[in-house]
Amino acid sequence: MTESPPPATRRRFLLQTGGGFAGALALGRAPAFAQTAPKKLVMAHIVAPPESSAVAFVEMADAINKRAEGGLEIEFHAGTLLTKELEVINA
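Under this note's numbering, the first residue of the sequence shown carries the number 1, and numbering increases by one thereafter.
In case anyone wonders, no lab produced these hints; they're calculated from the structure.
A couple of the hints might just be wrong.
As the list claims (entries may be wrong) - Across the chosen pairs, the derived CB separations fall in these ranges:
id	residue 1	residue 2	range
1	Thr9	Met60	34 to 42 Å
2	Pro5	Lys40	40 to 48 Å
3	Ala56	Arg12	55 to 63 Å
4	Arg12	Gly71	36 to 44 Å
5	Glu3	Arg67	51 to 59 Å
6	Phe13	His77	22 to 30 Å
Model, not experiment: these values are computed from the prediction.
Ideal Cβ positions, reconstructed from N, Cα and C, are used throughout, including at glycine.
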(Lines of atoms letter the chains of each structure in order from A; the text may use other names.)
(Lines give C-alpha, C1' and ligand atoms only; values in the text may rest on other atoms or scores of the structure.)
Protein backbone atom coordinates (compact mmCIF):
# COMPACT_ATOMS: atom_id res chain seq x y z
CA MET A 1 0.00 0.00 0.00
CA THR A 2 1.33 3.44 -0.89
CA GLU A 3 1.47 6.17 1.67
CA SER A 4 -0.27 9.40 0.90
CA PRO A 5 1.79 12.56 1.20
CA PRO A 6 1.44 14.49 4.43
CA PRO A 7 -1.44 16.96 4.43
CA ALA A 8 -0.71 20.48 3.29
CA THR A 9 -0.67 22.65 6.36
CA ARG A 10 0.04 26.29 6.88
CA ARG A 11 3.18 25.44 8.84
CA ARG A 12 4.56 23.26 6.03
CA PHE A 13 3.77 25.95 3.45
CA LEU A 14 5.49 28.66 5.50
CA LEU A 15 8.55 26.47 6.03
CA GLN A 16 8.88 25.71 2.32
CA THR A 17 8.32 29.26 1.10
CA GLY A 18 10.47 30.69 3.88
CA GLY A 19 13.37 28.51 2.73
CA GLY A 20 13.07 29.82 -0.81
CA PHE A 21 12.84 33.39 0.43
CA ALA A 22 15.91 32.93 2.62
CA GLY A 23 17.82 31.57 -0.38
CA ALA A 24 16.83 34.59 -2.47
CA LEU A 25 17.95 36.94 0.30
CA ALA A 26 21.25 35.09 0.63
CA LEU A 27 21.95 35.53 -3.08
CA GLY A 28 21.02 39.20 -2.94
CA ARG A 29 18.91 39.16 -6.09
CA ALA A 30 15.46 38.15 -7.24
CA PRO A 31 14.89 34.96 -9.23
CA ALA A 32 15.53 35.23 -12.96
CA PHE A 33 11.83 35.36 -13.84
CA ALA A 34 11.30 38.29 -11.47
CA GLN A 35 14.18 40.40 -12.76
CA THR A 36 13.23 43.03 -15.28
CA ALA A 37 15.56 44.15 -18.01
CA PRO A 38 15.47 47.79 -19.06
CA LYS A 39 13.22 48.41 -22.05
CA LYS A 40 14.35 50.34 -25.11
CA LEU A 41 12.00 52.29 -27.38
CA VAL A 42 13.28 53.63 -30.69
CA MET A 43 11.24 56.45 -32.22
CA ALA A 44 11.68 57.98 -35.66
CA HIS A 45 10.14 61.07 -37.20
CA ILE A 46 10.15 62.37 -40.76
CA VAL A 47 11.49 65.86 -40.13
CA ALA A 48 14.41 67.18 -38.07
CA PRO A 49 14.26 69.27 -34.86
CA PRO A 50 13.69 72.76 -36.23
CA GLU A 51 10.13 71.53 -36.80
CA SER A 52 7.95 71.82 -33.67
CA SER A 53 6.88 68.19 -33.35
CA ALA A 54 10.47 66.97 -33.62
CA VAL A 55 11.50 69.40 -30.87
CA ALA A 56 8.64 68.08 -28.72
CA PHE A 57 9.72 64.47 -29.35
CA VAL A 58 13.29 65.27 -28.29
CA GLU A 59 12.07 66.95 -25.09
CA MET A 60 9.67 64.08 -24.39
CA ALA A 61 12.41 61.47 -24.86
CA ASP A 62 14.76 63.38 -22.55
CA ALA A 63 12.08 63.79 -19.87
CA ILE A 64 11.07 60.11 -19.98
CA ASN A 65 14.69 58.94 -19.86
CA LYS A 66 15.27 61.13 -16.82
CA ARG A 67 12.12 59.98 -14.99
CA ALA A 68 12.51 56.29 -15.81
CA GLU A 69 15.95 56.14 -14.13
CA GLY A 70 17.20 53.39 -16.43
CA GLY A 71 14.00 51.32 -16.58
CA LEU A 72 13.08 52.69 -20.00
CA GLU A 73 15.38 54.18 -22.60
CA ILE A 74 13.91 56.16 -25.49
CA GLU A 75 16.10 56.73 -28.52
CA PHE A 76 14.78 59.35 -30.94
CA HIS A 77 15.92 59.65 -34.57
CA ALA A 78 14.73 62.77 -36.37
CA GLY A 79 14.84 63.37 -40.09
CA THR A 80 15.66 59.77 -40.96
CA LEU A 81 12.47 58.58 -42.61
CA LEU A 82 12.22 61.20 -45.33
CA THR A 83 15.78 60.68 -46.54
CA LYS A 84 15.20 56.93 -46.73
CA GLU A 85 12.00 57.46 -48.70
CA LEU A 86 13.78 59.77 -51.13
CA GLU A 87 16.53 57.18 -51.60
CA VAL A 88 13.90 54.55 -52.39
CA ILE A 89 12.08 56.84 -54.84
CA ASN A 90 15.30 57.88 -56.60
CA ALA A 91 16.64 54.32 -56.83
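Verification of the supplied hints:
| no. | hint | verdict |
| --- | --- | --- |
| 1 | Thr9 / Met60: 34 to 42 Å | violated (54 Å) |
| 2 | Pro5 / Lys40: 40 to 48 Å | holds (47 Å) |
| 3 | Ala56 / Arg12: 55 to 63 Å | holds (58 Å) |
| 4 | Arg12 / Gly71: 36 to 44 Å | holds (37 Å) |
| 5 | Glu3 / Arg67: 51 to 59 Å | holds (57 Å) |
| 6 | Phe13 / His77: 22 to 30 Å | violated (52 Å) |
In the structure shown, a violation is registered for the earlier hints numbered 1, 6, in ascending order.
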